[in-house]
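Chemist: Sequence lines, in order, name chains P and A.
In terms of our numbering, the first sequence opens at residue 1 and continues consecutively.
In terms of our numbering, the second sequence opens at residue 1 and continues consecutively.
Treat the hints with care, as some may be off.
Residues from chain A that keep clear of chain P, each with C-beta distances beyond 12 Å, as calculated [as the list claims (entries may be wrong)]:
(1) 40
(2) 94
(3) 117
(4) 138
DEER-style ranges, computed between Cβ atoms [claimed, not checked]:
(5) P:141 with A:81: 44 to 54 Å
(6) A:16 with P:197: 41 to 51 Å
(7) A:117 with P:578: 24 to 34 Å
(8) P:112 with A:114: 51 to 61 Å
(9) P:455 with A:7: 37 to 47 Å
(10) A:78 with P:554: 49 to 59 Å
(11) P:524 with A:117: 47 to 57 Å
(12) A:75 with P:174: 53 to 63 Å
It should be emphasised that the hints constitute simulated quantities derived from the structure, not laboratory data.
Think of the CB as a built atom: it goes at the ideal place given N, C-alpha and C, for glycine as much as any other residue.
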Amino acid sequence: MTDRTQLKSVVQVVAKSYHNQATHLLQMLWQVQHKYSYISDEMIDLFAKELNLDYAHVQGVAEFYSFFHRTPRGEYDIYFSDNIIEHMQGKQDLLDRLLTKLKVELGQPRSDGKVTVDNTACIGMSDQGPAMLVNGLTIPHLTPNKIDQIVEFVEQQKPLREWPSEWFVVKENIQRKHILLGENFEPGSAIQAMLNKGSDGTLREMEVAGLRGCGGAGFPAHKKWQLCRDTASDERIVICNADEGEPGTFKDRILLQSYADLMFEGMTVCANTIGAKKGFLYLRGEYRYLQKSLEVVLTKRREAGLLGNHILGQKGFDFDIEIHLGAGAYICGAELALIESLEGNRGIPRKHPPPYPVNAGYLNKPTVVNNVETFALVAKIMVYTGKRFAALGTEHSKGTKLISVSGDCDRPGIYEFPFGVTVREVLETCGAQNPQAVQNSGPAGVCISEEEFDRKLCFEDLNSTGSFMVFGQQRDMFDVIRNFTQFFVHESCGFCTPCRVGTSVMKNLVDKVHSGHGTKADLQDMENLSHIMKTMSNCGLGLTASNAVADTLKKFPQIYEQRLQAEVSLAPSFDLDAALEAARQITHRDDEKAHIAA
Amino acid sequence: MAQQIITIDAQEVPFQEGQTIMDAAMSAGVYIPHLCHNPEFKPQGSCRLCTVEVNGKRMAACTTKAIPGQEIQNNISALQENRRALIQMLFVEGNHICPGCPKTGNCQLQAVAYYVGMLSSHYQHFYPYRELDASHPNYVVDFNRCILCELCVRASRDVDGKNIFGISGRGIKSHLVINSTSGKLGDTDFNVDDRAALVCPVGAILRKRLRYTTPIGERLYDQQPINVVGDSTQPHAGAKKQW
Chain P
1 MTDRTQLKSV
11 VQVVAKSYHN
21 QATHLLQMLW
31 QVQHKYSYIS
41 DEMIDLFAKE
51 LNLDYAHVQG
61 VAEFYSFFHR
71 TPRGEYDIYF
81 SDNIIEHMQG
91 KQDLLDRLLT
101 KLKVELGQPR
111 SDGKVTVDNT
121 ACIGMSDQGP
131 AMLVNGLTIP
141 HLTPNKIDQI
151 VEFVEQQKPL
161 REWPSEWFVV
171 KENIQRKHIL
181 LGENFEPGSA
191 IQAMLNKGSD
201 GTLREMEVAG
211 LRGCGGAGFP
221 AHKKWQLCRD
231 TASDERIVIC
241 NADEGEPGTF
251 KDRILLQSYA
261 DLMFEGMTVC
271 ANTIGAKKGF
281 LYLRGEYRYL
291 QKSLEVVLTK
301 RREAGLLGNH
311 ILGQKGFDFD
321 IEIHLGAGAY
331 ICGAELALIE
341 SLEGNRGIPR
351 KHPPPYPVNA
361 GYLNKPTVVN
371 NVETFALVAK
381 IMVYTGKRFA
391 ALGTEHSKGT
401 KLISVSGDCD
411 RPGIYEFPFG
421 VTVREVLETC
431 GAQNPQAVQN
441 SGPAGVCISE
451 EEFDRKLCFE
461 DLNSTGSFMV
471 FGQQRDMFDV
481 IRNFTQFFVH
491 ESCGFCTPCR
501 VGTSVMKNLV
511 DKVHSGHGTK
521 ADLQDMENLS
531 HIMKTMSNCG
541 LGLTASNAVA
551 DTLKKFPQIY
561 EQRLQAEVSL
571 APSFDLDAAL
581 EAARQITHRD
591 DEKAHIAA
Chain A
1 MAQQIITIDA
11 QEVPFQEGQT
21 IMDAAMSAGV
31 YIPHLCHNPE
41 FKPQGSCRLC
51 TVEVNGKRMA
61 ACTTKAIPGQ
71 EIQNNISALQ
81 ENRRALIQML
91 FVEGNHICPG
101 CPKTGNCQLQ
111 AVAYYVGMLS
121 SHYQHFYPYR
131 ELDASHPNYV
141 VDFNRCILCE
151 LCVRASRDVD
161 GKNIFGISGR
171 GIKSHLVINS
181 TSGKLGDTDF
191 NVDDRAALVC
201 PVGAILRKRL
211 RYTTPIGERL
221 YDQQPINVVG
231 DSTQPHAGAK
241 KQW
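Isolated chain P, as found in the complex:
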């Protein structure tokens, strides 16, 4: 009873710190989990009562996000980034080494409660992997030596602040700068330019610049803003999407790390253009370690009169920004799921017909959702004029694009190129080593084979969300496919049948081919399944989750065919003899008759 009383007061304090707003449920769950390492039934019950929510709702939220846990975790909670690039960098050996030395099972806390070691989807460190998160902090460039030291530190219970501080340094790795990353920026200058131009003038500037959303859809920014501004409402919202979840991309991390002023300034310009007083930065849980430095930037901006009431002394220009932390869900990079998550719900794009956020977004208020890069560009465009941006790029893709390059190349990192750059130019600039393929825009994007290296990165040809993973000739593209299909099993939100079940069926088919039991019929099944997922899914995740399989079936058929059973048109999906193993163990038999001959 005392325990419950104590827990109750903790829950009450946490809830109160967010003014008991149910929209902040994720933030509250982060707080209690930080204290107790997990979210118990009792905490769910207490939050439900405190916030006047259903038990099942709080439970549903706690069990949706992969960084929330319903059973205790270790005092050191370690996650290895599980992207294919990290696998190429030797991640699996390092993970196995850590598991063996710590005598701990993957995903299970050690019996003494000291440590948990787990996998997680790409943490945005492919340019400096293999990398891990330890209690939310990033350690890049892992080596066997570092792993051995980590084992010692864990056994000694050495506090994280006493681990070598240089381990936690996350490099920028900016390899090529242009107008966004290269030119100077004075905080406040874009807001001043906005005030000089007024709302209509600002929209015109965006239009002249030809700015299109950098999150992937490429919707013209000025149109989005205008639609939002012109929707009648007492309140409008600005959301910056910093849920950079596409495996292999990390360009938003650089902006959040080193160019946060630009992004916040772009949001503020947007706010005054559309008439919004409230802004959110939806920061992915993987970037939790950036929250403190971002808060510092926000505080400085408030002190400088660039946020808060009467911005730059203008009466009625009131705007502030709140950071909302995600908790591990790729789907929340999609704006409708992101808004659900911001409202304190499961990140499921469940509304039908799908509303336009500019009409009915956060809490049904007209809302602009733009990506980190888009807002950063806004600030630069206001200062350096739309005309200068429009002079760069192609006819329908103006300006520059940040590309996160990783994989088999000499210089992984961030490259700012004008739109229209060819795949080949990027490969040459980054020092690609004998490339056979590039995965553009992450697992949901397009797999580019050598014959296509002259294609251009722009909306007219290869749309880029910023992820550019290079695979050398020595790589087995089948490993890439296995990694991607596992990723989508993990990240499907589970709402619609083709994606929820289809991603798992696809993984089973890929595994079957991998195990050497695949036949031509299985490849046909993959094609059919891909067609179903691409045409029948509810949202973009399901619609694109089978792209990588479909692309490689077409462009790299040999990676599948060389694994097939020759001359067999149909084979069972399991090994009959292996299936008898449990029976053999129970009956203590291992004689010839207890086996089925292959």
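Starting from the structure of chain P, add chain A where the hints point.
Modeler: Same frame as chain P, now just chain A:
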């Protein structure tokens, strides 16, 4: 209000403004396969079985508004084959054992499977481990058969005002949960008169003791296929009478 026209498989179907393609089809007696849809509740478009081709583009009929002039393909082999695959996915995702299920003959999943010509589950079974909840005096919840249509969730929330059901987990681990601290139906005020007690299209929410009142062979879909008789409106798994 003036009636307007869409065409479904070249047949003219009238509709009124605001209706979805599914609404219009149902009023006109045109069968579009569906599982998560029930005209009494807000459409949610999650099973995707009602996908049709609207002017060549695939859309869910239950959540797409009818607009004059839409040319819709519904009963075509390309769609029926893909719908069959969706049904097969639902079969392998859970544990559906038709011959041993009290709902057989009154089950929409089974009936739609027959309608789209499903002869086997085709894909590798997942065989998930899911526990039964028999804590309620009059009902048993067999999570093995739940297809996540959320009809019970919607009925309990929107009609009964009780919020007894919810969905938790993510992706393939998504699952139905009971809204009580214990997670048991017996600890809720779920009642035989609840609308949520009658809407399960499969054998996941089952009335105790009344599961075999109508012999197998004499049940709704044992007599006629689902495209003729439509959704099951049996008060319990083994019932003959409709409510």
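Chemist: For this structure, which hints from the list above don't hold up?
Modeler: 2, 10, 11
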